[in-house]
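Sequence lines, in order, name chains A and B. Quick note, the first sequence lines up with residues 1 to 111 if you use my numbering. Quick note, the second sequence lines up with residues 1 to 113 if you use my numbering.
Since the hints were derived computationally from the structure, they do not count as laboratory data. In this text the structure is predicted, and so the values were computed from the model without any measurement. It is possible that some hints are incorrect.
[Stated by the list, open to error] With a Cα cut of at most 27 Å, we get these calculated DSSO-like pairs of lysine-lysine:
hint, chain 1, residue 1, chain 2, residue 2
1, B, Lys-15, A, Lys-5
2, B, Lys-57, A, Lys-37
3, B, Lys-11, B, Lys-57
4, A, Lys-37, B, Lys-11
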Amino acid sequence: DQQVKQNSPSLSVQEGRISILNCDYTNSMFDYFLWYKKYPAEGPTFLISISSIKDKNEDGRFTVFLNKSAKHLSLHIVPSQPGDSAVYFCAVNFGNEKLTFGTGTRLTIIP
Amino acid sequence: GAGVSQSPSNKVTEKGKDVELRCDPISGHTALYWYRQSLGQGLEFLIYFQGNSAPDKSGLPSDRFSAERTGGSVSTLTIQRTQQEDSAVYLCASSLDATYGYTFGSGTRLTVV
């Protein structure tokens with residue numbers, strides 16, 4: 001069974017500090033991992049991704065870490081800004097031509 | 001177009017009525033997906049079209065749900081005899097290759113009363 005789990009439904013972080021969002025997934029041979037960001041009344045937008053051959057990918061304030069042995073993915077945002085307040089979805093391509101999404105984490109940045 | 005377009009943006013319907021939701025994908029994108037997000041839930045896969053291949057319907061929750069994609073472009077998701085549990089945001093996405101993610105539309109918020 002291919003599952004993606006985000007165990008924290010919400011997270012509040014002070015502006016300027018680091019936000020860490022976590023995601024766990026079940027085992028699969030062909031993995032590609034993505035993070036999407038969603039604002040209210042808008043569709044999710046792609047944020048950052050990582051392939052299973054890497055353990056880290058960085059893009060500006062956003063860094064995704066992949067721990068394959070633990071089947072764990074995390075997104076770090078530093079420094080956090082008020083505009084980062086949104087729902088973040090972890091997604092995995094298990095090699096079956098579609099993405100499986102987690103349930104999302106609502107991030108609130110406190111000014 | 002520049003992005004994935006969905007219509008209507010909002011739809012309120014009475015229980016038992018049929019509804020049609022439309023998706024216009026990015027030009028040239030061969031893959032098209034429908035997902036839905038119910039209140040407090042994640043993104044639930046519904047159906048996937050790729051070129052001229054038979055669609056992957058494995059996510060459709062019941063036989064009241066169907067979808068078609070005409071001419072490899074526009075797609076319509078139809079829900080027959082709507083129920084209150086069908087209330088959700090229905091999201092369409094398109095891509096060239098799912099491996100690298102896809103582009104979503106803004107969604108249709110369906111409310112069944």
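Tested hints:
| no. | hint | in the structure |
| --- | --- | --- |
| 1 | B:Lys-15 with A:Lys-5 | violated (33 Å) |
| 2 | B:Lys-57 with A:Lys-37 | holds (26 Å) |
| 3 | B:Lys-11 with B:Lys-57 | holds (23 Å) |
| 4 | A:Lys-37 with B:Lys-11 | holds (24 Å) |
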